[in-house]
Structures are given as C-alpha cells and as structure tokens.
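A.B. asks: Spelled out, the chains give:
2 protein chains.
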Amino acid sequence: MKRGDRSSSSSCAPVSQCFPLRAAAAACGSETSSEPHRDQRAGVLRMSSITTFYACHLLLLALSLACVVCVCVWNSRWRGGFAWDGSSLQFNWHPVLMVVGLVVLYGNGAVLYRIPLTWGQNKLPWKILHAAFMLLALILSIVGLCAVFDFHNTNKIANLYSLHSWIGIVAAVLFAFQWAAGAAGFFLPCSPPALRRLLKPAHVWLGGAILILSIAACISGINEKLFFVLKGNDGKSQPYASLPSEALLGNFLGVLIVAFGLVVFRMLSNPLWQRQESSPQDLPYSPLLQDENQ
Amino acid sequence: MKRGDRSSSSSCAPVSQCFPLRAAAAACGSETSSEPHRDQRAGVLRMSSITTFYACHLLLLALSLACVVCVCVWNSRWRGGFAWDGSSLQFNWHPVLMVVGLVVLYGNGAVLYRIPLTWGQNKLPWKILHAAFMLLALILSIVGLCAVFDFHNTNKIANLYSLHSWIGIVAAVLFAFQWAAGAAGFFLPCSPPALRRLLKPAHVWLGGAILILSIAACISGINEKLFFVLKGNDGKSQPYASLPSEALLGNFLGVLIVAFGLVVFRMLSNPLWQRQESSPQDLPYSPLLQDENQ
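Sequences listed follow chains A and B, in order.
Counting from 1, one number per residue, gives the positions in the first sequence under the working numbering.
Counting from 1, one number per residue, gives the positions in the second sequence under the working numbering.
Take these hints with a grain of salt, some might be off.
Stated by the list, open to error - Each computed DSS-like pair below joins lysine-lysine, with the alpha-carbon atoms no more than 27 Å apart:
#, chain 1, residue 1, chain 2, residue 2
1, A, K156, A, K225
2, A, K156, A, K231
3, A, K156, A, K236
4, B, K156, A, K225
5, A, K225, A, K236
6, A, K200, A, K127
7, A, K231, B, K231
8, B, K231, A, K225
9, A, K225, B, K236
10, B, K231, A, K236
11, A, K236, B, K156
12, A, K231, B, K236
13, B, K231, A, K156
14, B, K236, A, K156
15, B, K236, B, K156
16, B, K156, A, K231
17, B, K200, B, K127
18, B, K156, B, K231
It is worth saying that the hints were derived from the structure and are not from the lab.
Chain A on its own, in the form it takes in the complex (with noise of 0.2 Å):
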C-alpha cells in the first residue's frame, strides 16, 4: 500500500515500467532510446497499461453500482426501508451509509489520482476532487454511525461492545484523522516540503489499512445482521441456514463488498499505474505549485 516517493528528476526506472514515455525520456537520460522499435514497444506496452487500467477501473465502478443497489434493495425491501424515528428502519441507514461511505465513495477516490486522463496536469484540481470525495465519505459514514448510535440509545441497547463495532469505530476515528491530516498537511499553503514528503507514504498506508478495516467491518456486520434477522424460530422468518432470498442477497453484497476492495488494491499497487509527476514548469501556476506534487 505504501509507496516511495519518485521524483521525475532523480529516478530511472527501465523503460518498460516508465509511464508516460516523456517523464521516463527526461528521468533516465543516457539511459533512454533513441530506437525506434523501443519507442514502439514502449509504447504498446503504454497503451495496453492504459487499457487494463481502463478495464480495472469500469470493474470497479461496476461493482461500486452493484454495492450500492445490492444495500438498498436489502434495507428498502427486505427490511421494510428507512426512516430517523429510533425504529429499526432508522437502523437500516447504517448499513447502507457506512457501504456508500466508507466502502465505494472511499474507495473510488483513494484512485482518483491513478486516472491517467488526470496525469500531466495541475494536480490541484484532483486533489480538491480527492479531498471532497473523503470529506462525503467521511460525513456519510459519520450519519451512518449517529443512525446506529441513536437507535441503540432509544431502544436501550448498548454500544460499542460488539468486535464488528470496535473494528469499525477504529476505521472511522482513523479515517477522521486522516482526513484531518492530510486536509492540514496537503492543502495548508505553510506544510513544508519535507513535513508533506514525510506525510505521503504514512498517508498512502493509512489509507490502505483503513480501506482492510471497513472491508472487516462490513463482513462482520453483514454476517451478524443476518444472523440476528433470520432466526428462523419467529414465525416471520426463514433462518439463515437454509439461505432464503435474504441471506443469499446480503452474503452477494459481502463478497462485492470484498471484490470492490481488492479491485482497489489492484489500482493503487500496480506501480504503472502510479501517478507521473510532472515537472512544475509543464504546469500552470497555482497556489501550492511550490510543491504541487506532494
């Protein structure tokens, strides 16, 4: 999850991984070719590396949509929809904001830099987009936790105890100082250089183990969700065991849940698909170009 930092001016990786060609050419020096059939292989391996990611990215989408309709249609029609009353329909706006929030908006824009249409440009723009997108996923996911927090309060349950919420509270107290971090540490116009080149790999791995928390947390809650609706022994209810139409949707919407997060990892691991830094005299001036890149 954590990465190095790369420099365009003080790196030079062998041709095949340097993507684009022009931050290689300019990186590698004496190293970099003048052969036509190297810019040529190059330069397919450039474009089926755009392809893949493009392939990996509509996956993800994909299974972003199919997240977010799989725990709507569980809360909306199997369990009777939603409303802020205390009831359980109040509870079910904490399955469905935590997966929105803390599952496909969060992952959809930890990977918002590794879009290659946003390579080359001013990164701030993308840093905004990537800023705002945490910030929804961030209040989504705290309403998320107030729906569950208050309906326990109202119908004296307690908080907190069970492992499903102590994994899950550790993701969202992290993901709040994350954002806190990185909003202080990336966007204030007074972080030094050196404090945002400490800042990225911990930001970068935080990022990671945050994302492996909510997936851990949203299984564990699925899984006692159903546990606890599909008793079987109440006369409204098939139990889980015998996997009615329920069970069998809410066990889909765990393994989409782990697919969309391992999809995730795929596109920020992949170290073709890392962001090129580009030099700052390619970019128009901006605020924070004094280091734009961080």
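Given the coordinates of chain A, work out where chain B should sit on it, guided by the hints.
C.D. replies: Relative to chain A, chain B alone:
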C-alpha cells in the same frame, strides 16, 4: 501489494532508496556516489532502515505470539478445551487452527524474503523455507476446516451458508491454488523465466488478497461465535453486550489479528525492505540458479 519486477542490472533509483548499497552502486552507474559524505548518508539511512525493519519484525513476532496465546486460552479456558469427537470441543480446533495457519504462519511466511539477513544469499533455501511455512499454514487451515465440517455434519448443522464461511472458504481455496501455482511456477526447473516474471506480481498480489480475506473471515467468525455463546438467556453465560471477560478476550483477539495483518502489509509494501536481488555471479551454484531471483 503488487510491485514491479526490479532488476539490479536495469534499474536505477535515488541513492536514498538504494538498499543494500552494493546493489545500488552496481545499478546506478554514473549516478552512484564516490563522495564520502554521500556514502556516509546512505550508510546512516541503511542502518536506520534495517533497525526499523527489525523493530517491525519484533512487533510482528510479538503479535503472532499474542494471537496464538489468545486463541488457545479462549478455546481451552472458556470453551472447554479440545477433542475430535464431533462435540463442540472439536469445533474449538477450528478457530485455533485457522488463526495459527491462515493468519500467523501465513503472515510470517509472507515477510520471510524481507528479512535483510537473507539478502545477498542464495535465494533457494529461503524459497524452500517460504514454501514450507506456507505448506504448514495450508495443512493447518485444511485440518481447521475439517474440524468444523465434521462437527457440523455430526450435529446436522448446515455447512457454508454464512457470509463468514463464504469468505473463509474462498480464502482457503485461493490459498491452496496459490501454493500449487507458486510451487509449479517457482520450483519446477522446467518453469521458464518468462512464466516466472509473469507469475511473480500476480503471486504477490494474490498473497495480499488472501490475507485480507483471512482477516475478514477471522473477524466475522469471532464476532459470530461470541454472539452464539454469549446469549445471556441460557443461565450459563453473561450477554455479549455486558462485555464479560470472554467477550473482551475475543474482541482483543480480533484487534490483534487486524494489527498483525496491518504490520504484515506495512512490511510487504515498504520498497526499502524489498529484497534486492544479487547478480548471479554472487551466488553459489544451485539447480535453480538460471532464474534464481524469480
């Protein structure tokens, strides 16, 4: 999780990232430093990186021990111990063997190549140790699965219906596939270097994916078990919601497993801790020398 193939003969990184320095010097050619102050700075960075690695490794070993102790104490002290007679005592082997196999041994086997002590040596003994660790982890996981399947069958309980079981069985099947593909691809002398280069990033990425699945399966499994046994209405147990000692121990085990997984990912993802492959002439002869570093 995945990282690009790096060959010391064709790649060049900033001096601060070159590690060990001998490999960097061989690789970077004209960019390598002959100035004493640069060598001194790189030496300090190298020592600092090694020290941090061993601190992380020590933490990993401590977390390994804590996970094993917790899961054993939980199942022997609170769940009545172990047997292989179809009773709930047989079930108790399941959490112990899955945590020891699919988490502790698996994670420790995964970081084996990162240990600086192993660098610059013939990779074959470490490759054999890595495969042996993983085989032992796989065997323990399979016995752990047999324990729960046999317990379920004896007690007429359905198999593989919960989300926990779906995620867990996918993790185990992928692990078995990963071990077989790894053995065929990296051990068989007839396996061509091109295949090894193709397999390596997929092997590394799938290895990380399996660990994420294992963590999610463990968290959901512990959460499920604690809800099963701490009902509070059977006159034998206090409710989970009142957080009796067993609940605290189970939750603590879950937190330890997540912490263990995050330390493994930290160790795998730091580029400074990735094995710098030595050139073939540095290595003694071995039957796999032709492609020793794949």
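A.B. asks: Each of the hints needs a verdict: does it hold here or not?
C.D. replies: How the hints compare with the structure:
Pair hint K156(A) plus K225(A) holds up; C-alpha atoms about 18 Å apart against a cutoff of 27 Å. For the hint pairing K156(A) with K231(A), the CA-to-CA distance comes to about 21 Å; that is within 27 Å, so the pair holds. Using a Cα cut-off of 27 Å, the hinted pair K156(A) and K236(A) holds, with the two alpha carbons roughly 23 Å apart. For the given pair, K156(B) sits about 23 Å from K225(A) by alpha-carbon distance, which is consistent with the 27 Å threshold.
A C-alpha spacing of about 15 Å is found between K225(A) and K236(A), which places the hinted pair at or below 27 Å, so the restraint holds. Taking the CA atoms of K200(A) and K127(A), the gap is near 13 Å; set against the 27 Å cutoff, the hint holds. In summary, the hint linking K231(A) to K231(B) is supported, as the alpha carbons are separated by about 14 Å, within the 27 Å threshold. Our distance criterion of 27 Å between C-alpha atoms is met by K231(B) and K225(A), whose separation comes to about 15 Å.
Our distance criterion of 27 Å between C-alpha atoms is met by K225(A) and K236(B), whose separation comes to about 24 Å. Distance hint between K231(B) and K236(A) is fulfilled; the C-alpha atoms sit about 21 Å from each other, no more than 27 Å. About 23 Å separates the Cα atoms of K236(A) and K156(B), which keeps this hinted pair within 27 Å; it holds. Between the alpha carbons of K231(A) and K236(B) the distance comes to roughly 21 Å, so the proposed pair stays at or under 27 Å and holds.
Proximity of K231(B) to K156(A) is assessed by CA-CA distance (about 17 Å); at most 27 Å being required, the pair is judged to hold. This hinted pair checks out: K236(B) and K156(A) have alpha carbons roughly 23 Å apart, not beyond 27 Å. Distance hint between K236(B) and K156(B) is fulfilled; the C-alpha atoms sit about 23 Å from each other, no more than 27 Å. For the proposed pair K156(B) and K231(A), the alpha carbon gap of about 17 Å is at most 27 Å, so the pair holds.
For a cut-off of 27 Å, the pair hint linking K200(B) to K127(B) stands: about 13 Å separates their Cα positions. With a CA separation close to 21 Å, the supplied pair K156(B) and K231(B) stays within the 27 Å bound.
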